[in-house]
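Residue numbers (our numbering): 2 to 103.
Any given hint could be a false lead.
As the list claims (entries may be wrong) - Label-pair restraints from in silico Cβ distances:
id, residue 1, residue 2, range
1, G33, D76, 17 to 25 Å
2, R94, A64, 17 to 25 Å
3, G41, D78, 30 to 38 Å
4, Q32, L80, 13 to 21 Å
5, R81, G41, 30 to 38 Å
6, P102, A39, 29 to 37 Å
7, E88, G33, 17 to 25 Å
8, R81, S22, 29 to 37 Å
9, A39, D76, 32 to 40 Å
10, D100, E24, 31 to 39 Å
11, E88, L23, 17 to 25 Å
12, L45, D65, 18 to 26 Å
Calculated from the structure, these hints are not laboratory results. Ideal placement from N, C-alpha and C gives every residue a C-beta, glycine not left out.
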Amino acid sequence: MRFERELPHGAAFTLRELDPSLERIALGRGQGAVEIRACGDHRLLATLPAATNLAAHNARWSADGRFLAVKRDYDADGLRADVEVWEVSNARRVALRRDVPA
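Generate the whole structure from the sequences, applying the supplied hints.
Right under this line is the structure:
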């Protein structure tokens, strides 16, 4: 492996998660939308609007990279959260579970 480019980082982001192919990155800034960007040129591919007013801190891609689950925490402990599941290619929310115990 060799270093080619730097991915977005810094205190402004509360969520950063690479997809399984390492071609896209999910980026969140607190209570706002989650952006899906191309790793190669940082081009915006999709915007996943927040379903709640909670901050996004964790996300997980499906193994095939088709879906992204976003966890939005009720408090700093992360013991309760809302979970959004997105079909990324068309920015369509396919599930929303509220007040899920972690």
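Hints, verified against the model:
no.: 1; hint: G33 - D76: 17 to 25 Å; in the structure: holds, 18 Å
no.: 2; hint: R94 - A64: 17 to 25 Å; in the structure: holds, 20 Å
no.: 3; hint: G41 - D78: 30 to 38 Å; in the structure: holds, 37 Å
no.: 4; hint: Q32 - L80: 13 to 21 Å; in the structure: holds, 18 Å
no.: 5; hint: R81 - G41: 30 to 38 Å; in the structure: holds, 37 Å
no.: 6; hint: P102 - A39: 29 to 37 Å; in the structure: holds, 35 Å
no.: 7; hint: E88 - G33: 17 to 25 Å; in the structure: holds, 20 Å
no.: 8; hint: R81 - S22: 29 to 37 Å; in the structure: holds, 32 Å
no.: 9; hint: A39 - D76: 32 to 40 Å; in the structure: holds, 33 Å
no.: 10; hint: D100 - E24: 31 to 39 Å; in the structure: holds, 34 Å
no.: 11; hint: E88 - L23: 17 to 25 Å; in the structure: holds, 20 Å
no.: 12; hint: L45 - D65: 18 to 26 Å; in the structure: holds, 22 Å
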